[in-house]
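Produce the complete structure using the sequences and hints provided.
Number of protein chains: 2
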Amino acid sequence: MNQIGYMYLHFDQSFSYDITKNGYSYKRRGVKMNHMHIAILGGDARYLDMIKKLSENEQIKMELVGFDQLNQGFTGVKQTDFTSLEVEKLDAVILPIPGVDQNGQLHAVFSNECIYLDDKWFSRLSDSCVLFTGISTPYLEQMKQTNNLKLIPLMDRDDVAIYNSIPTAEGAIMLAIQHTNFTLHQSNVLVLGYGRVGMTVASKFKSLGANVQVGARKASDLARIYESGMDSFHMNDLAAYTGQCDILINTIPVKVVTEPVLNQMKLNALIIDLASKPGGIDFDYAKQRGIQTKHALGLPGMVAPKTAGEILANIISQLIFTH
Amino acid sequence: MNQIGYMYLHFDQSFSYDITKNGYSYKRRGVKMNHMHIAILGGDARYLDMIKKLSENEQIKMELVGFDQLNQGFTGVKQTDFTSLEVEKLDAVILPIPGVDQNGQLHAVFSNECIYLDDKWFSRLSDSCVLFTGISTPYLEQMKQTNNLKLIPLMDRDDVAIYNSIPTAEGAIMLAIQHTNFTLHQSNVLVLGYGRVGMTVASKFKSLGANVQVGARKASDLARIYESGMDSFHMNDLAAYTGQCDILINTIPVKVVTEPVLNQMKLNALIIDLASKPGGIDFDYAKQRGIQTKHALGLPGMVAPKTAGEILANIISQLIFTH
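In the order they appear, the protein sequences are chains A and B.
Here the first sequence is numbered in the working numbering, starting from 579 and rising by one per residue.
Here the second sequence is numbered in the working numbering, starting from 579 and rising by one per residue.
Calculated from the structure, these hints are not laboratory results.
Where hints are given, some of them may not hold.
Because identical chains cannot be distinguished in the list, a pair is counted as satisfied if it fits within a single copy or across any two copies.
List time: in silico DSBU-like cross-link candidates among lysine-lysine, alpha-carbon distance up to 35 Å [unchecked claim]:
1) Lys639 <-> Lys844
2) Lys630 <-> Lys844
3) Lys667 <-> Lys833
4) Lys844 <-> Lys656
5) Lys784 <-> Lys872
6) Lys844 <-> Lys884
7) Lys833 <-> Lys844
8) Lys784 <-> Lys667
Now the structure itself:
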């Protein structure tokens with residue numbers, strides 16, 4: 579197999595299984611495989627589909643730590659005891675979505691065992707080892723400094739956020755259909771924020787026939803909203819736009835839906851907040867006015883865990899071979 | 579008010595309340611109102627939003643029969659006892675969605691009283707009275723013949739079916755998001771039938787990024803599907819298309835998803851049947867194979883009762899003034 583073929587396989591294996599399914603695996607061709615040794619240390623249900631997808635990549639040899647209560651088995655995946663893990667040999671380590679807490683403890687829902695990663699443990703990792711986590715934590719940042727680690731917080735990546743915005747928008751659509759007594763078609767939808775999530779949400783609701791208005795601050799965002807055929811307004815003018823709104827979807831992680839904004843809203847309007855905690859809504863005041871609110875977090879894992887797992891597996895597969 | 583203004587008001591009142599809200603009602607202008615006397619005889623929760631919408635039309639004077647258990651009141655709507663109803667004076671009668679059964683009994687869920695409409699009752703209706711029902715029944719057809727009635731089965735109308743296809747498609751979207759672990763985006767969706775419902779369902783799923791293939795029989799339908807940018811296939815070839823399908827949505831009220839078709843399907847595929855009873859799926863065989871099926875009937879009333887009620891109210895408002 580020539581170099582180009584090898585590169586092609588690298589790329590393709592991270593996004594599809596067709597090539598291996600069609601019998602083009604390294605083994606059958608007699609080419610020596612350079613396995614990537616990956617350890618997955620803890621995690622919750624969101625990781626199961628990621629593990630399944632990664633396990634289909636023949637270039638990856640995986641060991642699971644902190645999954646001892648898991649009944650499900652994966653072909654070619656080994657459950658390993660934390661203490662017997664050969665840390666020095668690892669090419670990559672995947673930590674849970676919430677990372678490691680201030681005491682170095684791992685979030686491992688499929689294990690009763692408490693697993694701590696201390697400075698000594700991190701120092702055993704090879705220079706080339708890549709460390710993945712969902713989000714970084716002060717403790718992990720400290721370990722990164724001390725041990726010169728290659729740390730990749732997956733959820734901070736633009737590509738992951740954009741891929742995840744698809745199941746997030748579908749989750750918002752599901753909630754909007756469930757919790758209103760009218761069709762999304764021809765309803766007045768306000769989307770606040772036109773970032774990685776807001777852009778997807780606005781376009782999906784528009785494609786279902788809703789009258790979408792998007793609030794943003796950046797002049798370039800307002801221009802892009804206009805270009806996309808939707809109405810735009812500056813967030814400073816929000817209160818002037820909420821009166822006719824049937825569904826308000828917020829993606830801004832700052833309290834933007836305040837008392838004066840809520841005072842303009844119809845009482846049968848629905849508010850969906852997609853912004854991370856504490857969200858962008860004055861929930862207490864909304865409740866006081868009797869306006870229905872849904873603070874919907876982690877929608878990708880809820881409405882499309884398989885897709886959410888595949889998004890992580892695809893990105894990890896790409897990154898471990900390019901770092 | 580001139581004739582044109584009057585016509586405009588007629589049309590507009592059936593689709594919006596703005597004109598009356600803005601103070602342009604007949605009374606204020608001192609124009610004599612020709613009220614339409616309507617009796618609503620029985621019905622279920624689906625009728626409440628219709629009644630609410632109709633009650634906002636100042637040209638309509640409504641009486642409810644068979645709603646005695648209803649706590650909710652509507653402005654300007656009178657609850658009337660069946661026996662005291664002045665049948666001869668009615669301009670229109672609205673019967674329940676399922677019509678009247680073979681004994682002449684009305685379906686009235688908000689009443690303990692059993693109400694029967696006999697031949698004598700129908701004979702009392704004036705020649706100009708319009709009778710609305712959801713669907714016709716053999717009994718109603720017989721009464722229509724005997725008494726020369728103007729009977730309009732609303733659910734048979736193309737316009738009602740097309741308006742209702744919107745909440746139906748949104749309900750199918752909700753179910754598809756709820757009952758799969760992947761995103762609709764990039765999923766393989768087969769839609770069977772390209773009639774009033776199939777056309778809406780296919781276009782909505784396509785607009786959410788699904789790979790939609792539509793099965794139909796008519797050459798003109800296959801051409802229209804192609805024109806809409808989707809893949810089409812002849813229903814005779816269905817079994818050749820089900821292997822890659824993630825979600826199958828049937829709208830054909832004939833058993834088209836048979837054993838040989840189901841044998842090709844992935845076990846984690848989802849089948850949504852929107853066709854009226856008994857539907858188009860071999861449900862027993864699907865269950866035997868472990869394929870998840872949802873026979874989703876009456877979605878408009880479930881996911882968007884307000885919109886579903888408004889659709890009926892709008893059509894009735896149009897028809898009573900033009901018949």
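(request) Can you give me the call for Lys844 and Lys884, within, between, both or neither, at a CA distance of at most 35 Å? (result) Answer is between; shortest inter-copy Cα gap is 16 Å, intra-copy 37 Å.
(request) Using 35 Å as the alpha carbon limit, work out where Lys833 and Lys844 are close: within a copy, between copies, both or neither. (result) within (19 Å within a copy, 45 Å between copies)
(request) Measure nothing new, just compare the shortest in-copy and cross-copy C-alpha distances for Lys844 and Lys656 to 35 Å and report within, between, both or neither. (result) between (55 Å within a copy, 28 Å between copies)
(message) When Cα atoms must be at most 35 Å apart, do Lys639 and Lys844 count as within-copy, between-copy, both, or neither?
(response) between (56 Å within a copy, 28 Å between copies)
(request) Give the relationship of Lys667 and Lys833 under a CA distance limit of 35 Å: within one copy only, between copies only, both, or neither. (result) Classified as neither: same-chain Cα gap 46 Å, cross-chain 58 Å, threshold 35 Å.
(request) With 35 Å as the alpha-carbon cut-off, assign the pair Lys630 and Lys844 to within, between, both or neither. (result) Only across copies: Lys630 and Lys844 sit 18 Å apart there, 46 Å inside one copy, limit 35 Å.
(message) Please sort Lys784 with Lys667 into within, between, both or neither, judging by C-alpha distance up to 35 Å.
(response) Cα proximity of Lys784 and Lys667: none, with 50 Å in one copy and 47 Å across.
(request) Go through the copies and call it for Lys784 and Lys872: within, between, both or neither, with a Cα cutoff of 35 Å. (result) both (21 Å within a copy, 27 Å between copies)
Hints 3 and 8 from the list above are not met by this structure, while the remaining hints are.
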